[in-house]
Amino acid sequence: GQQLNQSPQSMFIQEGEDVSMNCTSSSIFNTWLWYKQDPGEGPVLLIALYKAGELTSNGRLTAQFGITRKDSFLNISASIPSDVGIYFCAGRLISNFGNEKLTFGTGTRLTIIP
Amino acid sequence: EPEVTQTPSHQVTQMGQEVILRCVPISNHLYFYWYRQILGQKVEFLVSFYNNEISEKSEIFDDQFSVERPDGSNFTLKIRSTKLEDSAMYFCASTGTGVFTNEKLFFGSGTQLSVL
Chain C
-4 GQQLNQSPQS
6 MFIQEGEDVS
16 MNCTSSSIFN
26 TWLWYKQDPG
36 EGPVLLIALY
46 KAGELTSNGR
56 LTAQFGITRK
66 DSFLNISASI
76 PSDVGIYFCA
86 GRLISNFGNE
96 KLTFGTGTRL
106 TIIP
Chain F
184 EPEVTQTPSH
194 QVTQMGQEVI
204 LRCVPISNHL
214 YFYWYRQILG
224 QKVEFLVSFY
234 NNEISEKSEI
244 FDDQFSVERP
254 DGSNFTLKIR
264 STKLEDSAMY
274 FCASTGTGVF
284 TNEKLFFGSG
294 TQLSVL
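Those protein sequences? They're chains C and F, same order as listed.
Counting along the first sequence from 1, when you hit position 32 you're at 27 in this note's numbering, and nothing is skipped either side.
Take the position in the second sequence, starting the count at 1, then add 183; the result is the number in this note's numbering.
Heads up, some of the hints might be wrong.
[Said to hold, decoys possible] Here are the computed distance ranges between Cβ atoms for each label pair:
no.: 1; chain 1: C; residue 1: G48; chain 2: F; residue 2: Q197; range: 46 to 54 Å
no.: 2; chain 1: F; residue 1: R205; chain 2: C; residue 2: Q(-3); range: 23 to 31 Å
no.: 3; chain 1: C; residue 1: Q(-3); chain 2: F; residue 2: N257; range: 38 to 46 Å
no.: 4; chain 1: C; residue 1: I62; chain 2: F; residue 2: N257; range: 41 to 49 Å
no.: 5; chain 1: C; residue 1: P34; chain 2: F; residue 2: E201; range: 23 to 31 Å
no.: 6; chain 1: F; residue 1: R205; chain 2: C; residue 2: I8; range: 33 to 41 Å
no.: 7; chain 1: C; residue 1: I8; chain 2: F; residue 2: Q197; range: 38 to 46 Å
no.: 8; chain 1: C; residue 1: P34; chain 2: F; residue 2: I237; range: 25 to 33 Å
no.: 9; chain 1: F; residue 1: T196; chain 2: C; residue 2: S5; range: 28 to 36 Å
no.: 10; chain 1: F; residue 1: I237; chain 2: C; residue 2: Q(-2); range: 17 to 25 Å
no.: 11; chain 1: C; residue 1: P34; chain 2: F; residue 2: E186; range: 17 to 25 Å
no.: 12; chain 1: F; residue 1: L213; chain 2: C; residue 2: Y45; range: 40 to 48 Å
[Said to hold, decoys possible] Chain C regions said to be covered by chain F (calculated; three or more residues, Cβ under 8 Å):
no.: 13; segment: 37 to 46
no.: 14; segment: 54 to 65
None of these hints come from the bench; they were simulated from the model.
The beta-carbon is built from N, C-alpha and C at its ideal position, and this holds for glycine as well.
Could you build the full structure based on these sequences and the hints that come with them?
Structure (structure tokens):
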């Protein structure tokens, strides 16, 4: 099946630093999504990207859909304590409208060092 | 914002027992999903459900698994005879009409299943 490789696996940063993580795939996706998961909670959508080359921002978050449709990155600027969590990329290849079968990446665990 | 509700939040069961995980999707949504996440691993697609039938399922979703929408509000995942490796967090999710490619997938908070 399709696999998404996400890096880095974990990050330890200081508050105020910028963060960058990325996701690569061996196959093409029509949509790239970035989710954040807090402990004991379900994934929450941060940013969705629908076109190759698209660059989208959501507050301090910026994400891009790679031109080849096989990769995406997420940047977080000026990190704050509530950014702590696990970030997942997810790819969607819509074969039928409404079939939200997502392939998730392996996750990046973000820790902020006091 | 509307929510997907899952019960129970934690379920402990003995190996070989049947479990039913329950979900109440967002009320006007038409497409329903189950995903699971083994501890420390990525979220994995199990099954999608539309118009009272399964539209797609993964290789994980074998004959031990079944889904049902018994009434207008609930969506359930049944595991007939649980195995140790079924221990995971199970997430229910739903989307709306499915017509628009930019529809958002809403996840519930999950049911942590522990098989002993």
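Quick rundown of the hints versus the structure:
At roughly 52 Å, the beta-carbon separation of C/G48 and F/Q197 lies within the given 46 to 54 Å, and the hint holds. Taking 23 to 31 Å as the suggested C-beta distance range, the pair F/R205 and C/Q(-3) conforms, at roughly 30 Å. Taken as a hint, the range 38 to 46 Å is violated for the pair C/Q(-3) and F/N257, whose Cβ atoms sit roughly 31 Å apart. Hint check: C/I62 to F/N257, Cβ distance near 43 Å, so the stated range 41 to 49 Å holds.
Take C/P34 and F/E201: their Cβ atoms lie about 29 Å apart, and the range 23 to 31 Å holds. Remark: the range hint 33 to 41 Å for F/R205 to C/I8 is upheld by a beta-carbon distance near 39 Å. About 43 Å separates the C-beta atoms of C/I8 and F/Q197, a value consistent with the hinted range of 38 to 46 Å. Evaluation of the 25 to 33 Å hint for C/P34 and F/I237 yields a pass: the beta carbon distance comes to about 31 Å.
Distance hint check: the CB atoms of F/T196 and C/S5 are about 32 Å apart, consistent with the given range 28 to 36 Å. Against the hinted window of 17 to 25 Å, the Cβ-Cβ separation of F/I237 and C/Q(-2) comes to about 24 Å, which satisfies the hint. The hinted range of 17 to 25 Å is satisfied by C/P34 and F/E186, whose Cβ atoms lie roughly 18 Å apart. For the pair F/L213 and C/Y45, the supplied restraint of 40 to 48 Å is violated, since their beta-carbon distance comes to about 21 Å.
Chain F is given as covering the segment 37 to 46 of chain C, and this holds because 6 residues of the stretch bring a CB closer than 8 Å to a CB of that chain, at least three being needed. Interface restraint, the segment 54 to 65 of chain C with chain F: violated (0 residues with C-beta to C-beta distance below 8 Å; minimum three).
Taken one by one, the earlier hints fail for this structure at numbers 3, 12, 14, listed in ascending order.
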